[in-house]
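Protein chains: 2
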Amino acid sequence: MRRLLELQQKLLPDLTRVLRERYMLLRSIYHLQPIGRRGLAQAMNTTERILRSEVELLKETGLLTVTAAGMQLSGEGQQVLDDMEPLVGELFGLRDLAEGLQKKLGIPEVIVVQGDADQSPWVKAELGRVGARVLKQAIQEGDIVAVTGGTSIASVANHLTPSASFKHVQFVPARGGLGERVELQANTLAAAMAAKTGATYRLLHVPDRLHPEALQTLLKEPQVQDVLALLQNTRIVLHGIGDAIAMARRRNYSEEELADLAEAGAVSEAFGYYFNEAGETVHRMPTIGLQLEEVHKAETVLSIAGGESKAKAILSFAKQSCQNVLITDEGAARALLSTRL
Amino acid sequence: MRRLLELQQKLLPDLTRVLRERYMLLRSIYHLQPIGRRGLAQAMNTTERILRSEVELLKETGLLTVTAAGMQLSGEGQQVLDDMEPLVGELFGLRDLAEGLQKKLGIPEVIVVQGDADQSPWVKAELGRVGARVLKQAIQEGDIVAVTGGTSIASVANHLTPSASFKHVQFVPARGGLGERVELQANTLAAAMAAKTGATYRLLHVPDRLHPEALQTLLKEPQVQDVLALLQNTRIVLHGIGDAIAMARRRNYSEEELADLAEAGAVSEAFGYYFNEAGETVHRMPTIGLQLEEVHKAETVLSIAGGESKAKAILSFAKQSCQNVLITDEGAARALLSTRL
DNA sequence: ATATACAGGGACAAAAAACGTCCCGATCAA
DNA sequence: TTGATCGGGACGTTTTTTGTCCCTGTATAT
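As they're listed, the protein sequences go chains A and B. Those letters in the first sequence? Residues 1 to 341, per full-length UniProt numbering, in order. Those letters in the second sequence? Residues 1 to 341, per full-length UniProt numbering, in order.
Mixed in with the good hints, there may be bad ones.
No copy labels: a pair is met if it fits in one copy or bridges any two.
[Claimed, not checked] Computed cross-link-like contacts, SDA-like style, restricted to lysine to any residue with a CA-CA straight-line distance of at most 25 Å:
| id | residue 1 | residue 2 |
| --- | --- | --- |
| 1 | K10 | S28 |
| 2 | K319 | S254 |
| 3 | K220 | L337 |
| 4 | K104 | D208 |
| 5 | K10 | M24 |
| 6 | K59 | S163 |
| 7 | K196 | L219 |
| 8 | K10 | L87 |
| 9 | K10 | H31 |
| 10 | K10 | K196 |
| 11 | K59 | L7 |
| 12 | K10 | P222 |
Note that these hints are calculated values from the structure, not bench results.
Produce the entire structure from the sequences given, and follow the hints as far as they go.
Here it is as structure tokens:
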């Protein structure tokens, strides 16, 4: 494929530019639909007229339909967008980035999506879309999937679709309450994923900020024990990676606690663990759930994190060397590759 | 590849049109170089200005160089033209034509080049170029290659290049003098091919229009016997297919003989044999050389014929069902496919 | 050597396409 | 019902493409 592209580019030098632009257009429409000309023009920061020409062309090709509510992708347009996925790597040079990361971080598989989650809101959605696709491919009957909270994982939940392969799958929250907003909590997302796919789910109801003694009591509860037993047999871990300080702040840590974390050198966060640059655990959220050893035992660990601001955190967590697949974005990838080892 | 092209076409509807045009441009330059803007514009019947824009673009891409003598392909341009070969089948729908012919005529491999040899002079050159390529692929050490005369085969000779694989190959004329112009005779072409490739060759010197008795005498000549013995071990036959009447006329048949041929239903001609629509031999040139049985015995029979006017002849000869590869052009292919079985 | 024919490149007006901008009636959501 | 937003029409302006002609240099044949 690469060869064909190079050949075509010699005969039609701005082929890739056009393909890139059209791809971004389709993708934007997909994420914003139904959307009007003006709104879209603003979102893609281009002019209304120029966008109009593009849209008219895509309309003639039948890739998008135009209603009074705005424009949206047709079935074929959706199909084309999906079919383009492998092409995108070449068009934006993402394949090279992915290979570079793979080598640098020692992760078996790396997928890089175009854009920067810090700058463009839809990039998070893209991460979710790709994450959902990868999860669907990895899933096997009877799997136990441990999921964490966070915006990236929430995005995956959003893009999951019903499928027979999820029939006997169980989604289990990786950890109990972590003090996040409810729509981003692991419990919520496990349930949401189950609902979207047709799988089943379990919950881990652990109130926030419990005293250690109360925690011990809870641990004896049959329901809780049940879930913990399931977590020990986790085959797939689906988790996000957070910036340590940002996560702590989101979880309403006091200024004092934040200072402690910073002093300890915490850089990244995942399933309630905080890691320093060397990948060592420097702090744990006071709750119960998936243990780090169990993550290492899992067959497939799917990490999702994007945005330039996440680069340091990704690098830190990669030290765990337990990941099988990393899904990230261009912004993070470039930042990672430009830092010295 | 096909899939990628379809995808691209949805995003850039006139991609294939542009690729087609640029390909034809490169090809025309290749066949006419060095050529000036005006001459080329006339040859491709387009305007000077529009061609100029195209040329400027290709020049910037480095595909052609511009000298005071005119423009010509650069090394890279040459390379691109070669690399495009597989693409051309898709762009011009030639793959479908080839498959159709393969089915209809029962020939294992069919290659169709773009254009019509009756209309555009360079199509014959293209047939030769492709023929040379195929021959080069088919050749093995120690092969004996029987070649016929004719313009198509002459074109193959023109496009052959030196190669180590031709080291111990012998080119042998399929038949003795057949009354054609010397530059199209089998003898000449066998020698030419040997010279171009670095192979060796043998000649079959048989004067035109010999009496049967004289022929018998000649047959006893050691030199002749030698060549005939070689022909019995022919592994590759490289031959053209002619329209029966046209060939006879080119060979200065009398009006009376022509009438006889026509009455006998002669349609096609190859290595001195004339066949009717059913593929039956209705006449033979009075000379010596490769026998029809030997053609059937050969491992590879490479037939080359193009132009709409050759369609009937190709169909007739295909009845022999001894061909392995047919190289023809769009004009002939379309005509063949549009005739009832 | 010289004439000639043909090469590429420059120039420029005409034509066409692309673009910026504004408006309008329809439609949907509040 | 109201207000915001939708797609499509309209139109002048800008940019690009195209047609046309000319000029100078260079091969080639005489």
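Going down the list of hints, with the structure as the test:
1. Taking the closest pair of Cα atoms, K10 and S28 come within 25 Å of each other only across two copies (17 Å); inside a single copy the shortest separation is 28 Å, beyond that limit.
2. In this assembly of identical chains, the alpha carbons of K319 and S254 never lie at most 25 Å apart, being 28 Å within a copy and 91 Å across copies at closest.
3. Proximity of K220 to L337 under the C-alpha cut-off of 25 Å is found in neither arrangement, the shortest distances being 46 Å within a copy and 81 Å between copies.
4. In this homomeric assembly, K104 and D208 never come within 25 Å of each other (Cα to Cα): the closest approach is 37 Å inside a single copy and 77 Å across copies.
5. Within a single copy, K10 and M24 get their C-alpha atoms as close as 23 Å, and across copies as close as 15 Å, so both meet the 25 Å cut-off.
6. For a Cα distance limit of 25 Å, the shortest separation of K59 from S163 qualifies neither inside one copy, at 31 Å, nor across copies, at 53 Å.
7. Within a single copy, K196 and L219 get their C-alpha atoms no closer than 30 Å, and across copies no closer than 87 Å, so neither meets the 25 Å cut-off.
8. In this assembly of identical chains, K10 and L87 lie within 25 Å of each other by CA distance both inside one copy and across copies; the values are 17 Å within and 14 Å between.
9. Within a single copy, K10 and H31 get their C-alpha atoms only as close as 33 Å, which misses the 25 Å cut-off; across copies the closest is 20 Å, which meets it.
10. Within a single copy, K10 and K196 get their C-alpha atoms no closer than 45 Å, and across copies no closer than 31 Å, so neither meets the 25 Å cut-off.
11. Only between protomers do K59 and L7 lie at most 25 Å apart by alpha-carbon distance; the minimum there is 15 Å, versus 28 Å within a single protomer.
12. In this homomeric assembly, K10 and P222 never come within 25 Å of each other (Cα to Cα): the closest approach is 67 Å inside a single copy and 57 Å across copies.
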